[in-house]
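Here is what each chain is made of, one letter per residue.
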Amino acid sequence: MENKYRQRLVWVTVLALFWQLTAWSGLFSDLIFPGLDQIFLALLKSLKDGTLVKQIAFSLSIIIQGLIIAAAAALILALTAYFSKYADGLIDTLTALAHPLPGIALMPLILIWFGSGKTAILIVIIHSVLWPLILNLSTGFNSIPDIYTLIAKNYRLNKLEFMFKILIPASFPYFISGLKIAWARSWRALISAEMLFGAINSLGGLGWYIFQKRVFFDLPGVFAGIIVIIFIGVTVEDFIFKKLETNTVRKWGMLK
Amino acid sequence: MGHVKMSSYLELKNIAKSFNTEKGKKIALKDINLQIKKNEFLTILGPSGCGKSTLLKIIAGFIKAEKGKLLKNEKVIEDSGLDRIMLFQEFEQLFSWQTVIDNISFAVKASAKNKNIKLTKRQIKEKSLKYLNEVKLKSYQDYYPHQLSGGMKQRVALARTLAAEGEIMLMDEPFGSVDSQTRQELQQLLAQLWQEEDKTIIFVTHDIREAVFLSERIVLMKNEPGEIIELVDNKLPHPRKRSSREFNQLFEQLQTRLQN
Amino acid sequence: MKKYILIIVMLFLIIFLASACDIQDYAADQTKLTIAEQYGLAYAPVQLIKELSLLEKADPSLEVEWKQLSNTTAIREAMLAGEVDIAFMAIPPFLIARDKGMKWKIISGLSESPLGLMTNREYINSLADFKAEDRIALPQPGSIQHILLSMAVERDFAEVNKFDDQLLTMNHPDAMNALLAGREVSAHFASPPYLFLESKEKGIKKILSGKEAFGGEFTFIVGVSTEEFYQQQSKNYKVFLEALTEALNFINQQPQAADILADNYNLTAAEMKEYLNWPGMEFTSKIKGLEEFLAFMTAEGYLKENNYQRSELIFTEELVTEKKETVLEGAEQDGK
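Protein sequence lines correspond, in order, to chains G, H and S. Residue numbers for the first sequence follow the numbering used here, so the first one is 1 and each next one is one higher. Residue numbers for the second sequence follow the numbering used here, so the first one is 1001 and each next one is one higher. Residue numbers for the third sequence follow the numbering used here, so the first one is 2001 and each next one is one higher.
Calculated directly from the structure, the hints in this document are not laboratory data. A few of these clues could be false.
As the list claims (entries may be wrong) - Taking CB as the label site, the calculated pair distances span: (1) Pro1225/H with Glu237/G: 38 to 44 angstroms; (2) Ile32/G with Ser2311/S: 35 to 41 angstroms; (3) Pro1047/H with Asn142/G: 31 to 37 angstroms; (4) Met2001/S with Gln1184/H: 57 to 63 angstroms; (5) Leu97/G with Asn1033/H: 54 to 60 angstroms; (6) Ala184/G with Lys1023/H: 45 to 51 angstroms; (7) Ala2058/S with Trp11/G: 49 to 55 angstroms; (8) Thr235/G with Ala2158/S: 40 to 46 angstroms; (9) Ser2070/S with Thr235/G: 51 to 57 angstroms.
To be verified - Here are the simulated lysine to any residue pairs, SDA-like style, with alpha carbons at most 20 angstroms apart: (10) Lys1064/H with Asp146/G; (11) Lys1121/H with Glu161/G; (12) Lys1109/H with Leu160/G; (13) Lys153/G with Lys1113/H; (14) Lys165/G with Lys1113/H; (15) Lys2032/S with Val2064/S; (16) Lys2003/S with Lys251/G; (17) Lys165/G with Thr1120/H; (18) Lys1038/H with Asp1198/H; (19) Lys1199/H with Asn1114/H; (20) Lys165/G with Phe1095/H; (21) Lys2100/S with Phe33/G; (22) Lys2002/S with Trp11/G; (23) Lys2304/S with Val14/G; (24) Lys251/G with Met1152/H; (25) Lys153/G with Ser1139/H; (26) Lys2002/S with Val14/G; (27) Lys2002/S with Lys153/G.
As the structure is a prediction and not an experimental result, all values here were calculated from the model. For each residue, glycine too, the CB sits at the ideal point set by N, CA and C.
Produce the complete structure using the sequences and hints provided.
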């Protein structure tokens, strides 16, 4: 594990060096290809005057809210589908229709129905998270060993006990992989949605920050925003999810 | 002298069950009649396909018979319950997300709830450790199932089944997935535990030696269709030795019966 | 270690070669002209150049490519990448990029246009009536609509950022829909034809005109191109400018301009004519208001440099205008 990060660090340095050399070579104007020094200056400036921190906090708070709401909804829907054939049919159909839709495509509709601003972005996130989670949870529920159903019968567990003591923990690996997909989709949807919505000079998140930079022709600023997005994405995927997995499915020997 | 009728403990009356397969209707069980005595160790012995597992599942209430009745203390029972706890063959019967001790606590809690007894956390832990100790795995209490060998997993499962405190323990070829050395150790453990407790055990197997080692009474079954051939008493004294003459005599007797 | 170095060198070479090809193409290509096409009434003369094939007629060997790009930012970036030679946009976005180092200048004026802040709320009759929850839709930060609104706000309230938290970025079609829907959006700083469509709707009224906000007349859309293009493809530059003059004359003098353009704008010929002749709609190569925009945007920090000379920002001024105002005579010749 240590080795992997060391390797990554080496490659990042190589790429950074390569970038800087290209910038210095003068092959491209520094409007198109700003050097790392310009980018870091832009990054520092935004960090110092607090705008970037505020936008990061905004983006993260929305995505966490969205993830929690969608996870709860997905759990409820998937459980309902598990226990009721009719519900299963309905939810399965809904998922099949909605899953292929990228959230951005729904934007005009969302705009008309929910207006713009925080609500609209939240809806986009929930849409990105809900369907993959439902799919994974449902698959997980239906994949638990049959023997667990027999055990539940034997021990006369009621539906609730069965859900919380067996069904949900047994499908945890599926929940986690669903969550990873959901995070990836929603993070990307969030940034795109923020680029479309938002007010000027106020809170609009990272996507909005990048959009502002772009519109004011500040390419180093755009890159600074991109770096932050990458950093956050890597942190969540490599550290938070990894930690979660280690303390659950890895510990339990349940890696898929 | 008057004839004293023994009230039956567990009784199967005219049980029949068939399955629809691609090749048509398969009669898994045809007219099974069986009386099971309290606290006896009964083995259902037969080749694969003779319906012994199906029979056990009907007793457990997992499957419903097409015809016939299951009676306990002369009352018809149709559902499953903690009075008839099943020990499965599969290793995954243990909950992989819980430690060994928590797996056993699951049964302890279920049993307490069933009896309307409230236990404190400490009491639950004590009880769980007691059962874990009976299968000699106390030092593994904080391990996760995936860290245990097959034999150890089955021992934990056995402890859990004991912890459920059911009158009747149903066992569906529980030692079938482990190597023969481990299997013998587990048989030894089971025989010992049964002698120490008041439990009715209905044990399904295709392994004749296992039946001879463990049981008091052996139900011989044949397949196509699934029927009881014969009931054989096993009066060998405990502790039983696999190498003894009596042991092997009984073994051969059963083997002959089954081959016909 | 050697492996790493080898890979670095190889990557470098690949990029070098890839970009080298591009540069060569550009310098050599005198036979291709790429023009950014935008939808809007203010761009009508450019549309005429396309409809009447004026460029092909002037130089049959010229390959003309019209690129549809969705907004000014995209156009700016395409020009930076060398994909677009000539484009049309409002003065503020041009200045912002120029200020950040983009090497481009104005070729010519294109149109003046009525612009207006339209609202659907009964209680709003002037800027002072806006409440904190009222949202104003406009194309993007740094757009002319944003700047005009800021100018008005600065003048009325001495607080240029007053509405910044209430602004919504929306393109004109979406903004119009939202305005007519009457919920989320309280106002839309509109340009033609949306301005005209909105003013015909019941319940929508104009509370501020572009002219009022600016404090006078100003050019709405100008044509721009890079210095590189101007220097390296001067022949094509000239050809385009002549075509533009011809188009401007045509639209101002020929009545059938409306018939030719109507289809493209999905209007009837009568509607087209009405819009072309709407008061305030002027097609001229004059460039008005540049200094005022410069002064305001520098004062409010949108621009850093503050010593721009007019000649730094425009290639050549009186190359061709159809409305000639000679300084000596001070008399207007007839045009339209």
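Between Lys2002/S and Val14/G, is the straight-line Cα distance small enough, at 20 angstroms or below? holds, 13 angstroms
For a C-alpha distance cap of 20 angstroms, please report whether Lys1199/H and Asn1114/H respect it. holds, 18 angstroms
Please check whether Leu97/G and Asn1033/H have a Cβ separation lying inside 54 to 60 angstroms. Holds - the Cβ-Cβ distance for Leu97/G and Asn1033/H, about 56 angstroms, lies within 54 to 60 angstroms.
When you check the alpha-carbon spacing of Lys2003/S and Lys251/G, does it fall within 20 angstroms? Cα-Cα ~38 angstroms, so violated.
Tell me if the straight-line CA distance from Lys2100/S to Phe33/G falls inside 20 angstroms. It holds: about 14 angstroms lies between the C-alpha atoms, which stays within 20 angstroms.
Straight-line Cα separation of Lys2032/S and Val2064/S no greater than 20 angstroms? Within the cut-off at roughly 6 angstroms; holds.
Range hint compliance [Cβ, Ala184/G to Lys1023/H, 45 to 51 angstroms]: holds, 48 angstroms
Is the distance from the Cβ of Ile32/G to the Cβ of Ser2311/S consistent with 35 to 41 angstroms? Because 26 angstroms falls outside the window, the suggested range is violated.
So the hint says 49 to 55 angstroms: do the beta-carbon atoms of Ala2058/S and Trp11/G match that? holds, 54 angstroms
Given pair status - Ser1139/H, Lys153/G, alpha carbons within 20 angstroms: violated, 30 angstroms
Need the status of pair Lys1038/H, Asp1198/H: alpha-carbon distance at most 20 angstroms? holds, 9 angstroms
Can you let me know if the beta-carbon spacing of Thr235/G and Ala2158/S is within 40 to 46 angstroms? About 44 angstroms separates the Cβ atoms of Thr235/G and Ala2158/S, which means 40 to 46 angstroms holds.
When held up to the earlier numbered hints, the structure conflicts with 1, 2, 9, 16, 23, 25 and 27 and fits the remainder.
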